[in-house]
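*Asks:* The listed protein sequences derive, respectively, from chains P and Z. 0 is the number of the first residue of the first sequence in numbering that gives the first Met the number 0; add one for each residue after it. 0 is the number of the first residue of the second sequence in numbering that gives the first Met the number 0; add one for each residue after it.
In this list, chains with the same sequence are indistinguishable; a pair is considered to hold if it fits within one copy or across any two.
Straight-line distance between alpha carbons at most 20 Å, and here's what the computed EDC-like set of lysine to aspartate or glutamate pairs gives: (1) Lys-356 / Asp-79; (2) Lys-50 / Asp-358; (3) Lys-254 / Glu-290; (4) Lys-356 / Asp-92.
Think of the hints as simulated: they come from the structure by calculation, not from any bench.
Below, each chain spelled out in residue letters.
2 protein chains.
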Amino acid sequence: MPDHVQYGPAFGFEIKARLPDSRARLGRLSTPHGAIETPAFIFCGTKATVKGVTPAQLCEADTQIILSNTYHLMIQPGADLVASMGGLHRFMDWDGPMLTDSGGFQIFSMGHGSVADEIKGRRQQTRDQTLLKVTEEGATFRSYLDGSKLFLSPEGSIDIQRKLGADLIVQLDECTPFHADRAYTARSMRMSHRWGDRCIERFVQGEDGPMAGKQALYGIVQGGVHPDLREESTAYTRDRPFFGTAIGGSLGSHKDQMYEVVAMCAPHIHPDRPVHLLGIGGIVDVFAGVELGIDTFDCVSPTRIARHGWALAAGVPANRLNLRNARFRQDPGPLEDGCDCYTCRRFSRAYVHHLLKADELLGAQLVSIHNIAVMNRLMREIREGLAAGDLASVKARWL
Amino acid sequence: MPDHVQYGPAFGFEIKARLPDSRARLGRLSTPHGAIETPAFIFCGTKATVKGVTPAQLCEADTQIILSNTYHLMIQPGADLVASMGGLHRFMDWDGPMLTDSGGFQIFSMGHGSVADEIKGRRQQTRDQTLLKVTEEGATFRSYLDGSKLFLSPEGSIDIQRKLGADLIVQLDECTPFHADRAYTARSMRMSHRWGDRCIERFVQGEDGPMAGKQALYGIVQGGVHPDLREESTAYTRDRPFFGTAIGGSLGSHKDQMYEVVAMCAPHIHPDRPVHLLGIGGIVDVFAGVELGIDTFDCVSPTRIARHGWALAAGVPANRLNLRNARFRQDPGPLEDGCDCYTCRRFSRAYVHHLLKADELLGAQLVSIHNIAVMNRLMREIREGLAAGDLASVKARWL
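In isolation and in its complexed conformation, chain P is listed as follows (with noise of 0.2 Å):
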């Protein structure tokens, strides 16, 4: 188990600023594929897209990096296929940074019940029993896809997010779900240690393999919701020789909750390293986590609520729109006033609800664009409040 592993010399993370009587800061995270200016937000591009929006569209919305879902792609088409096609950057044809995650969100989110289900207060009932067995060797599941059984260790985690080639990878962890006792917790969260070094062992052997210097390591802090055992992951991150660290497992099962979990962790993060907090990004939650100290978050909601009509918003309640709302019927202004976005620029509230109305494509991926465009606007004004001093008026404007 080395102690300190030398990423590539591409890969960086400077913090350039830092808010007085906070942890949030400013700074920049570069890959070989360039560099992000954190806090910066990742789109999931889920099955090797981001849901109805060209990479070009992507670009025109300013956006830094993505990332894509080792579950998804391990089962289709298939790290192998994508690695014969150039790897995961040439094969969707997004040449800025990218993230894998480990695939275990997905396994054991599926199994026990999401993380969102849980701060949303829903139990998983009747969902199919995906997650077959946990071992120390690794997680037997079945395929979203044709239900076949399949098998994950930290080993093949790692192999596969090396054949998928995003600059950065994240450590196999058991996403522990929020009804898991303290105990069982406890216990996952010291196996999930084990797979981050086995992660890291196989991640040093591959340093000698074609991905050599192009790739860097995200640990993973488990822990649930209980203080101590949040420090005891976080110390574990921190004493390893991880790039980065993200915060994963249970945030908790409400918006407080998930704030307190990640200020238990926030005083024993390794403070030169990047910091992810996995599947959260809602607007306010984002204001919260950068005052945390996080540096990068990733959702799916951006994209998904844009499929169902909600539009981003500054400054309106709970930051959304129901394009559908039959108010906008009639409405020639933009889907945000002083939005400069490709949706906001050419359409009106009016048009885009007609094409939501009649279950035209278009709406759908005219309104992922003004989302995608709102959360790098979002994003870019944090750091320029960052960078002024002052996060308080750039919340009250947004919030």
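Knowing the structure of chain P, use the given hints to seat chain Z on it.
*Replies:* Relative to the frame of chain P, chain Z by itself:
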């Protein structure tokens, strides 16, 4: 009934070259929103959107002109709403030439069974009865949206098309089905002629209004598969002050009969006016149509088959490839060799195959972009062939 209509100064049709021993011609059709080089393909934006493609993407694929359907738009979102939003061009952000049809085709094809059904040998049996009554006054039919009873007269069709504001608009006609007998077809055709006269009168009244000089009217040739009726109907359109001539109605039960019907009309069509063939857009049909003197075509098929994963291509059987086919799973090539569309420049068949298998929206989008680019390239190569006096080698390359 005026025997002359002065169309606005922005309108014109110039025949720049003719192919010897053929009716094929190279032309330029001018409208207030720019000129289109003919022969040209008109893409269907049924509900004020070419499905799955942004106007920016249409432009990038070299699109010259699109159409929208009066029938759909009069029901949702309604012509008054479109007018209040500044007209269809502004509503859907299409600043180029545009055509609207009269609404008749859908009313009658949904009532009688479509031309496509006929050409493909299908007969309507179980479809809902949406056409309630056809009288001299107009057509009574049910809304596709909520089943409410609606009425469309020739004057109403012109009024609606004035509100929508397309450059090229079309008279209302009854689109008689193939299985109508000769007597019905003849009676219906003569009623369509009277409707054409009423459309001209209404159109001329509108030349005192806000859309004066901004629109031009096409007459429609009816007459089913009967040579004498087609001659009579073509002569009708020739002798009336229409800007252009559209060949409509039943074009027979198979492709050869469709060519025969167009050939029946060709000698009698006003020689100086642009000629549109309604609803036909197969690549082999486009070549046949061009040789019979057709200047513009429209069809939903390029974008409809795209959504089912069929990519158009030159020189392959039936001019299309089923990208869902497993043989493309690991194919690193572009959708079509030598195509310079966005999709082919940036993505592989393997990637698009993956998107289609995964039911990702982007799959339909990327194939739509390609198919639009292919149709535009087809028309450009046809024009180049006509300019060079050699259509045969273009045809040999494509078919």
